[in-house]
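J.: Listed below, chain by chain, are the residues.
There are 2 protein chains.
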Amino acid sequence: MTRLIAIDWGTSSLRGALLDSNGKVLEERSDARGILTVPTGGFPEVFETLFGDWMRLEDTRCLISGMAGSKQGWIEAPYCACPAGRVEVGRKIIDIHALADMPGARIAIVPGLSDEHDGVPDVMRGEEVQIFGAMSITGQDDGVFVLPGTHNKWVTVKKGRVTGFRTYMTGEFYALLSQHSILSRTLDASAPLDEASFLEGVTRADNGHGLLHNAFGARTLALFERMPREELASYLSGLLIGEELRTQSLQAVGEVVLIGSSALTQRYTLALRATGVVTRTLGAEATWAGLHALSGFLDTDLRTPA
Amino acid sequence: MTRLIAIDWGTSSLRGALLDSNGKVLEERSDARGILTVPTGGFPEVFETLFGDWMRLEDTRCLISGMAGSKQGWIEAPYCACPAGRVEVGRKIIDIHALADMPGARIAIVPGLSDEHDGVPDVMRGEEVQIFGAMSITGQDDGVFVLPGTHNKWVTVKKGRVTGFRTYMTGEFYALLSQHSILSRTLDASAPLDEASFLEGVTRADNGHGLLHNAFGARTLALFERMPREELASYLSGLLIGEELRTQSLQAVGEVVLIGSSALTQRYTLALRATGVVTRTLGAEATWAGLHALSGFLDTDLRTPA
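As they're listed, the protein sequences go chains A and B. Under this note's numbering, the first residue of the first sequence is numbered 14, with each subsequent residue one higher. Under this note's numbering, the first residue of the second sequence is numbered 14, with each subsequent residue one higher.
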């Protein structure tokens with residue numbers, strides 16, 4: 014029985030799963046050793062520490078997605094340009110011959126996707142795998158897929174191929190504003206989500222005055238005691254997600270597929286529902302299904318690092 | 014001859030000028046002791062250190078604008094609601110009896126302005142004085158006045174009164190993004206202004222995809238080496254100022270009066286000129302002229318602290 018070690022190796026953390034030949038998860042692991050924590054040349058050792066025992070199981074291969082394929086990662090896997098489906102991405106998977114004591118071991122890295130809008134490039138690494146997984150799980154190969162996170166992705170899929178996408182720094186703006194701006198003095202970032210204040214922010218974002226102005230309202234609402242301190246973080250989150258939604262064309266969109274942590278997909282579900290858009294939500298299972306769907310390419314002649 | 018000590022006491026710094034009875038500047042001073050550096054109850058001492066020698070000149074009074082009138086300042090001078098002109102603001106000037114060894118000294122604080130949009134308050138402290146000064150210098154008592162800074166103000170003036178204004182966190186967003194975000198890794202915030210990249214950012218801001226998306230372009234343009242590192246800060250600045258301009262109604266606006274530091278007013282001049290709007294620029298002289306214009310109220314019965 015062929016097993017697959019499926020890994021999403023990100024900037025600040027990583028997750029791995031051992032899958033059986035049908036893609037069923039046998040075991041999961043996560044770790045804080047994101048690529049920024051790994052010294053130059055240190056990837057084989059970290060990999061061995063985290064997944065060496067799995068690799069020594071009979072007939073086991075490994076496929077890695079995410080920032081491990083970036084310039085700062087293990088091996089650079091150059092971006093695959095949109096439009097791209099599983100086949101285009103699969104053909105650009107890069108083989109790694111990295112482990113001295115496992116010469117026959119097959120470990121490979123999935124490339125990210127690139128797109129371009131009016132001369133400005135856009136990129137993703139790891140999300141493409143989640144999208145392929147979501148298509149595999151839902152059977153949906155047309156539509157809009159949204160992947161909330163530090164750098165959110167809005168992705169258009171047609172006939173099983175990613176035709177284009179845009180990145181939004183929504184998660185990073187939220188962190189900057191709630192931790193480092195003047196707003197951090199009055200809001201409680203640890204307070205639980207308040208749905209009413211969140212949706213008030215979503216609505217306010219569409220008032221035509223822009224984020225730079227609306228964000229200041231989160232300061233004055235506190236100053237004039239118009240909103241309780243514990244609701245301000247939800248309001249700010251709503252302003253940001255509402256700003257993101259404001260620029261989307263959602264009229265003709267059917268169901269939106271959300272892929273990510275439940276804390277984030279919950280917010281997008283609320284905001285999209287408020288505009289009349291139906292959503293469906295997936296979590297880590299999309300990553301595992303995507304890497305499983307791409308694992309057939311491990312039986313082909315893979316590219317080697319440039 | 015009656016002299017006036019005019020002070021704009023801000024959050025992180027302060028500026029003062031000694032004016033003669035005609036409002037002519039005799040001497041200027043600035044200092045880093047903004048209100049955040051002054052301990053509770055410490056304002057009289059800091060004032061004495063910085064301006065005690067001026068106060069001991071014969072027939073000298075003092076008028077202070079800015080955050081010194083906030084809750085965290087010397088004495089709270091409650092906001093004056095818009096619409097408000099010199100008379101409304103002048104009548105809410107607050108007297109300070111603060112200096113034990115100068116019992117007859119007249120020192121007073123100018124209130125800020127408040128406005129409200131759909132239940133969300135907006136505030137300024139100090140800018141109202143600069144506007145009154147600009148009106149006094151230019152003779153213009155109708156139009157749009159823009160005060161770039163950490164929290165930029167766009168102000169509408171009719172018949173000499175501020176009828177409304179909005180705050181934009183443009184300066185603070187620029188600082189957050191250039192110093193604390195992923196963009197900080199690739200841009201050189203100390204590089205001089207590159208006008209072409211700045212204006213490219215201003216134009217891009219109006220593409221309908223919003224700041225959260227466009228800001229990520231400053232990352233990918235660096236990643237793909239499409240823009241030199243030393244131009245990225247100008248591009249980001251253009252994206253932010255363009256985002257601010259995007260939400261203004263500038264069709265029917267005549268000359269816009271810009272008040273602020275030359276480093277910032279230069280950028281707004283470039284961006285506004287690109288959209289066909291004529292500008293006129295004023296600096297610190299607007300503050301001194303505004304405080305001088307309000308100084309007549311020092312001869313009236315002033316309010317005392319609540």
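Think of the hints as simulated: they come from the structure by calculation, not from any bench. Do not take every clue at face value.
Note that identical chains are pooled: a pair holds if it fits in a single copy or bridges any two copies.
Stated by the list, open to error - Straight-line Cα separation of at most 20 Å, SDA-like style, residue types lysine to any residue; simulated pairs: (1) Lys84 with Thr233; (2) Lys84 with Leu236; (3) Lys172 with Ile150; (4) Lys84 with Pro241; (5) Lys37 with Leu283; (6) Lys84 with Thr199; (7) Lys84 with Ser197; (8) Lys84 with Thr313; (9) Lys37 with His130; (10) Lys84 with Phe237; (11) Lys172 with Leu236; (12) Lys84 with Arg198; (13) Lys84 with Arg239; (14) Lys37 with Ala202; (15) Lys172 with Arg16; (16) Lys171 with Asp155; (17) Lys84 with Gly23; (18) Lys171 with Glu238; (19) Lys84 with Thr24; (20) Lys171 with Arg42.
J.: Does each hint hold? Answer for all of them.
T.: Hints and how they fare:
no. : hint               : result
1   : Lys84 with Thr233  : between (43 Å within a copy, 13 Å between copies)
2   : Lys84 with Leu236  : between (45 Å within a copy, 10 Å between copies)
3   : Lys172 with Ile150 : within (15 Å within a copy, 65 Å between copies)
4   : Lys84 with Pro241  : between (45 Å within a copy, 19 Å between copies)
5   : Lys37 with Leu283  : neither (31 Å within a copy, 59 Å between copies)
6   : Lys84 with Thr199  : between (39 Å within a copy, 14 Å between copies)
7   : Lys84 with Ser197  : between (34 Å within a copy, 18 Å between copies)
8   : Lys84 with Thr313  : neither (25 Å within a copy, 70 Å between copies)
9   : Lys37 with His130  : neither (38 Å within a copy, 54 Å between copies)
10  : Lys84 with Phe237  : between (48 Å within a copy, 12 Å between copies)
11  : Lys172 with Leu236 : neither (51 Å within a copy, 30 Å between copies)
12  : Lys84 with Arg198  : between (37 Å within a copy, 14 Å between copies)
13  : Lys84 with Arg239  : between (48 Å within a copy, 17 Å between copies)
14  : Lys37 with Ala202  : neither (37 Å within a copy, 49 Å between copies)
15  : Lys172 with Arg16  : neither (29 Å within a copy, 78 Å between copies)
16  : Lys171 with Asp155 : within (4 Å within a copy, 54 Å between copies)
17  : Lys84 with Gly23   : within (13 Å within a copy, 45 Å between copies)
18  : Lys171 with Glu238 : neither (48 Å within a copy, 30 Å between copies)
19  : Lys84 with Thr24   : within (12 Å within a copy, 42 Å between copies)
20  : Lys171 with Arg42  : neither (33 Å within a copy, 65 Å between copies)
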